[in-house]
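Construct the complete structure from the given sequences, taking the supplied hints into account.
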Amino acid sequence: GEKKTIVKWTYGVGGVINNEIVKNIDDIIRITDKLIVVRLKGTLETTIVGTYMPQAHRPKEEKDAAYKELEAQIRKYKAKGPIYILGDMNARIQKPEGNEERKHIGMHTFEPETARTQSLEVQENRTMLVNMCKVHNLRVMNTMFRKQNKKLATYMKVGTTVEDDICRETHEQIDYILTTERWKNSV
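Residue numbers (the working numbering): -14 to 172.
Misleading hints may appear alongside valid ones.
[Unchecked claim] Quick list of simulated restraints, FRET-style, between CB atoms:
hint : residue 1 : residue 2 : range
1    : ASP18     : PRO97     : 30 to 38 Å
2    : GLY0      : GLY66     : 13 to 21 Å
3    : ILE6      : GLU82     : 30 to 38 Å
4    : VAL147    : GLU5      : 29 to 37 Å
5    : THR146    : LYS53     : 35 to 43 Å
6    : ARG60     : THR145    : 33 to 41 Å
7    : ILE14     : THR145    : 33 to 41 Å
It should be emphasised that the hints constitute simulated quantities derived from the structure, not laboratory data. All C-beta atoms, glycine included, are put in the ideal place defined by N, C-alpha and C.
Printed below as a string of structure tokens:
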């Protein structure tokens, strides 16, 4: 008989698009399993980049490759109109560290008063995200607005239930919306 190949997927990126928006889609481009670009028609073409970045424990080479590809898409589209990068960055920002970071990260992060020392792997993810923001003059927009913790936390530790208190012991903020300085007021 015919041999079947079984492929096991453990991650990916996708999105849900409102039916009213579908008519404005110019293109959907799958870059990798963890990176997708949606181009919207309009007076200015808008680019939405959806991403799922490697987790802290993943090899440095995998993280470097993911950021290299993401940054290639940012360079390709950021001068062509509004660009929004959104998704699971797997980075725990906690709070801006110093004046340089305050240019990119707002003061409304998840429980900044409980920020703690992170493992080197977790710190590496944070550093990679912050460095990308500096290089491409990006703003982490969901840190610019005051929200309740239940709307800031985007990750729950395995075993946490919806009845558990939302705090740093069980929750984190790892999903972000980024855009350039030029388009920050459009969010």
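Which of the stated hints cannot be reconciled with the structure, identified by number in ascending sequence?
none
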